[in-house]
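Asks: Put together the whole structure using the sequences plus the hints.
Protein chains in written order, with my numbering: chain A, 1 to 267; chain B, 1 to 358.
The hints are simulated quantities; they were obtained by calculation from the structure and are not laboratory data.
Keep in mind it's a predicted model, so treat the numbers as computed, not measured.
C-beta atoms are modelled at their ideal positions from N, C-alpha and C, and glycine is treated no differently.
Computed footprint of chain A on chain B, listed as stretches where at least three residues anywhere in the stretch have a Cβ under 8 Å from a Cβ of chain A:
| hint | stretch |
| --- | --- |
| 1 | 235–244 |
| 2 | 250–263 |
| 3 | 293–304 |
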Amino acid sequence: MSLSTTDYRVTLRGKPILKGLNVHVAAGHTMALLGANGAGKSTFMKGLCGLVPAFGFASVNGTALLGTSPATRARMIGYVAQDLAHLDVRLSTYELLLLAQQGSARSWKTSAEARYKATELLELLGLQRFAEKQPGQLSGGERQMISLALALVRSPQLLLLDEPTSALDLANQLQILDAVSEYTRKHNIVTLAIFHDMNLASRYADDTLMLDQGIVHCCGPTRTTLTPENLAQVYGVDCRALSVDDGAFTAIYPVSVIAPGSQAGGR
Amino acid sequence: MTIPGVIVSPSPQARYANTVWRRSALLTLLLVLALAAFIADLIVGSGTLTAGEALSGLLSPNSVDSSTRVILLELRMPMTLMAVLAGTCLSLAGLMMQSVLDNPLAEPFTLGISSAAGFGASLALAFNVSLSHALPELGADLVVTANAFLFSFVSVGVILLLTRGHMGLQAITLLGIAVHFVFSSLLGLVQYVANTDQLQSIVFWLMGSLLHATWNKVTLCAVIAAIAIPVVLVQAWALTALRSFGEQAVVFGIPVRRLRTTMLVLAALLAGAVTSVVGVIGFVGLVAPHVARLLVGEDQRFTIGVTIACGIIFVTLASLASKLIVPGAVLPIGMVTSLIGLPFFIILILRDRRLTSR
Numbered sequence: 001m002s003l004s005t006t007d008y009r010v011t012l013r014g015k016p017i018l019k020g021l022n023v024h025v026a027a028g029h030t031m032a033l034l035g036a037n038g039a040g041k042s043t044f045m046k047g048l049c050g051l052v053p054a055f056g057f058a059s060v061n062g063t064a065l066l067g068t069s070p071a072t073r074a075r076m077i078g079y080v081a082q083d084l085a086h087l088d089v090r091l092s093t094y095e096l097l098l099l100a101q102q103g104s105a106r107s108w109k110t111s112a113e114a115r116y117k118a119t120e121l122l123e124l125l126g127l128q129r130f131a132e133k134q135p136g137q138l139s140g141g142e143r144q145m146i147s148l149a150l151a152l153v154r155s156p157q158l159l160l161l162d163e164p165t166s167a168l169d170l171a172n173q174l175q176i177l178d179a180v181s182e183y184t185r186k187h188n189i190v191t192l193a194i195f196h197d198m199n200l201a202s203r204y205a206d207d208t209l210m211l212d213q214g215i216v217h218c219c220g221p222t223r224t225t226l227t228p229e230n231l232a233q234v235y236g237v238d239c240r241a242l243s244v245d246d247g248a249f250t251a252i253y254p255v256s257v258i259a260p261g262s263q264a265g266g267r
Numbered sequence: 001m002t003i004p005g006v007i008v009s010p011s012p013q014a015r016y017a018n019t020v021w022r023r024s025a026l027l028t029l030l031l032v033l034a035l036a037a038f039i040a041d042l043i044v045g046s047g048t049l050t051a052g053e054a055l056s057g058l059l060s061p062n063s064v065d066s067s068t069r070v071i072l073l074e075l076r077m078p079m080t081l082m083a084v085l086a087g088t089c090l091s092l093a094g095l096m097m098q099s100v101l102d103n104p105l106a107e108p109f110t111l112g113i114s115s116a117a118g119f120g121a122s123l124a125l126a127f128n129v130s131l132s133h134a135l136p137e138l139g140a141d142l143v144v145t146a147n148a149f150l151f152s153f154v155s156v157g158v159i160l161l162l163t164r165g166h167m168g169l170q171a172i173t174l175l176g177i178a179v180h181f182v183f184s185s186l187l188g189l190v191q192y193v194a195n196t197d198q199l200q201s202i203v204f205w206l207m208g209s210l211l212h213a214t215w216n217k218v219t220l221c222a223v224i225a226a227i228a229i230p231v232v233l234v235q236a237w238a239l240t241a242l243r244s245f246g247e248q249a250v251v252f253g254i255p256v257r258r259l260r261t262t263m264l265v266l267a268a269l270l271a272g273a274v275t276s277v278v279g280v281i282g283f284v285g286l287v288a289p290h291v292a293r294l295l296v297g298e299d300q301r302f303t304i305g306v307t308i309a310c311g312i313i314f315v316t317l318a319s320l321a322s323k324l325i326v327p328g329a330v331l332p333i334g335m336v337t338s339l340i341g342l343p344f345f346i347i348l349i350l351r352d353r354r355l356t357s358r
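Replies: In structure tokens, the structure reads:
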């Protein structure tokens, strides 16, 4: 039970974005996907869920992903996009949750199970009050939570979160990420999340993968990977790692830019 | 919305069931209205036949004389059925175009179908040049229609060929505009070189008229509608996903590209068939889908049906009005549709908070 990629490549408009990545994430783990702007983090996710063509090999629990039909991938993957601008439609949150489960199903009626799961998900994420609201009536952060609900309601084996908390306030950040990491462990799935806040990565990710210009810079347990050395090399920023609450958490504090303009840092 | 003191608020499930019930009721109501409009259009004519005579002729054809029967079955019935089919096909094609191109301004003719069909028809009308001459013998009444239909398909075929591989929505829309201008220039050219009589028949054709309807043409459109509607209905959930998530519907298991191509081809077939028979009837294809969305939202299981019902109601009422406005004459349907539909549409827009705020 895991996610693995071998020689995973994506080329967009003739430009190689991901240049052969070998990554392995164990089930039940949350992996932070880090890297400077343009490193290929979002592309990594889009290639897995079929939004951009990807090559090489990638599998979830031994089932190959690349080259399979959208329906096959959709059964395995839940994806929360960074850009939710499109999620502005004349449907209530509850209807969207039903729609997310219907997918390409031929059946015309919604199943009782789907209706039950929609209600269950609203409760899990504390979104009951939005059940009848349309996304257009909600704030950016609320829409982000709805988008997460749409990904989770389909019981994915691989959950891809592209900056899942970028629009959330402090309390909601913790609440949503607590829910996600608990869900990941409980259902033994793999969660990949792109963060720009190193403290969230440090707190929630079991593993960390740092991308630098389309290749793996480092990958491993967050404790040994999310270090000031790696951050300096990947982001070109001098950081300190601080112990909080007697080592219960590690906080990352950025001090200064080492190499202005050069995001490739030590390379 | 919980009211203090009320303890039991219905669950989302119960409220959803209620919503579904309300939408089904509304759809049924609109279909009944469409049927009523159909019957009204059939019994009201521009000629001397009274409504009572027409009604009794329809209920028991043997009780009326043969001329009444001919008027009813050979003149009125094809026209009215054509109005129903025009409403059905154009509104459905409009809904598909708006969904597929993700553009609220899209309509059946966005990809240049109207000018392509117009050009095809004008070639046949002015010079008796028709692509259909390559086909086995067609009835004389079908030559103009067939040419218009084939040319409308040429326009969409060209666009699909050019955009294959990289189906950017903007690219498709812009190419549609380009194709539209190519064919309208060519149409202008035909009009320029045509003589007065030919020019008149071209202009009359372009205005859109149900008077061209015959049983053959009705059958053509009915067959295409009968093929397209089930295909679209089966894809109702997929289309809802496309409306809600756009490109990202892929993540929910929707083969977005294939769905888009299928729907574009169907929309072209529907719009091309109707346009080649009755000429250009604007407005319906643009507006019926919007009205449907305002009434039942984006759940395409209901939007599709309500769009079609609205389309039928619009066109049959317009047909009715076109016979009544000037007694003894039948105005071109294309003009009347917009005139009677617009005020209604404007009221709907102004009453919708979602559209008028921000």
